[in-house]
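Read top to bottom, the protein sequences are chains E and S. In this text, residue positions in the first sequence follow the numbering used here: the first is 1, and each later residue adds one. In this text, residue positions in the second sequence follow the numbering used here: the first is 1001, and each later residue adds one.
If you are wondering where the hints come from, they were derived from the structure by calculation, not from laboratory data. In this text, a Cβ means the ideal position worked out from N, Cα and C, and glycines have one as well. Possibly wrong hints are sitting among the right ones.
[Said to hold, decoys possible] Partner residues aside, some chain S positions facing chain E, computed with beta carbon under 7 Å:
(1) A1045
(2) A1055
(3) G1058
(4) P1059
(5) I1061
(6) L1091
(7) A1119
(8) T1140
(9) Y1152
(10) A1166
(11) V1170
(12) V1175
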Amino acid sequence: MQHDPSVSPRRNIGKAELFFGFLKIGLLSFGGIAPWARHIIVEEKGWLTDREFAELLGVGQVLPGPNVMNASILIGDRNQGLIGVVLCLLGQLVMPLIIVVALAVFYDRVASVPEVNAALIGAAAASAGLVLGTALKMVRNIRPTLLPLGIGAAGFAAIGLLRWPLVPVVLVLVPLAIAGTWLGRRK
Amino acid sequence: MTGVLLELARTFALLSLVSIGGINALLPEIHRQIVEVHGWMTDQAFASAFAIANASPGPNIIFVSLIGWQVAGLPGLLVSTLAILIPSSTLAYFAGRALTRWSHHPAVAVLRDALIPVALGLMLASGVSMMRTVDRDVVTVLISLATAAFVYTTRRNPLWALAGGAIVNVVALHVF
């Protein structure tokens, strides 16, 4: 079969590649891991398309546990089985654990410096924009039809605008999304 | 010491199984267990641990790891991390296997299609919620919007935008 460069090749991702990929995600993921996971998995490494990434993120969202972590478990298992899972989890946790403990040790000394505080707030503001911009970019690349657009907008409005709690929203929205998608397909 | 570790393990392993969306929805319950029921941390220490965890990279469960560290040092960190990690991860592992196994079943295709917009909508919402929490003045709002535009229009490393945001806000501190 001729190799088509526009389609991401379906080779298995190696163990070292998985570990170092997620190590990088863990190290860089200030202010939210999902945009960084997407940046590295979709744009930098080309392991998944935007659509595949969103699928795994959706599955990860409805299961208990952080959504990206759950998605990474599926990625690790599909490529390298249980060892792959352990490597993905270790990779994304090692650096954040070291950093969080280091921050805790220095926190009291550092947090009172106004420049440090301003830098942290500035980076946090940028992180918020990073999440927003990444979500919009995924919507643009996936080009959802009217029905999924409505489902996504409902989820966005409930959590982002009305500030309803996540768990009940997920418990109501997911069955509605499934029913809507199923009915849409039967036509 | 062993008693504290066992109690940390039990507390977080139970919470792991209901932690849809990570631990953010469970914050009130974690606070109740750690501060009120067990008295392991003061309110103040709990709040600054949350701030530190939010300033760190990584999945949001590292807040739980940090609680373990503050309560019982390195053993506490390891026990708490594994306790919040293993139950939900085991579930995700078997759920993923089931999805792969039944991947050609029409119901699985419907499920996957249905979950894509849910994931996108919630990610968009989390960006807006973060902006509402963090952005307190014109400068921070502009930093957020400029970063969103940067990420939307380029494939460059977003680290540039984060560094830019930090620098701009420090400069703004001295200008205004």
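Evaluated hints:
1. A1045: 10 Å, violated
2. A1055: Holds, because the Cβ-Cβ distance from A1055(S) to chain E comes to roughly 6 Å (cut-off 7 Å).
3. G1058: G1058(S) check passes; min Cβ-Cβ to chain E is 2 Å, inside 7 Å.
4. P1059: Result: holds, 4 Å to nearest chain E Cβ.
5. I1061: Constraint on I1061(S) satisfied, holds at 6 Å.
6. L1091: 6 Å, holds
7. A1119: 4 Å, holds
8. T1140: Because about 4 Å separates T1140(S) from the closest Cβ in chain E, which is inside the 7 Å limit, the hint holds.
9. Y1152: Nearest chain E Cβ about 4 Å off; hint holds.
10. A1166: A1166(S) check passes; min Cβ-Cβ to chain E is 4 Å, inside 7 Å.
11. V1170: Because about 5 Å separates V1170(S) from the closest Cβ in chain E, which is inside the 7 Å limit, the hint holds.
12. V1175: 11 Å, violated
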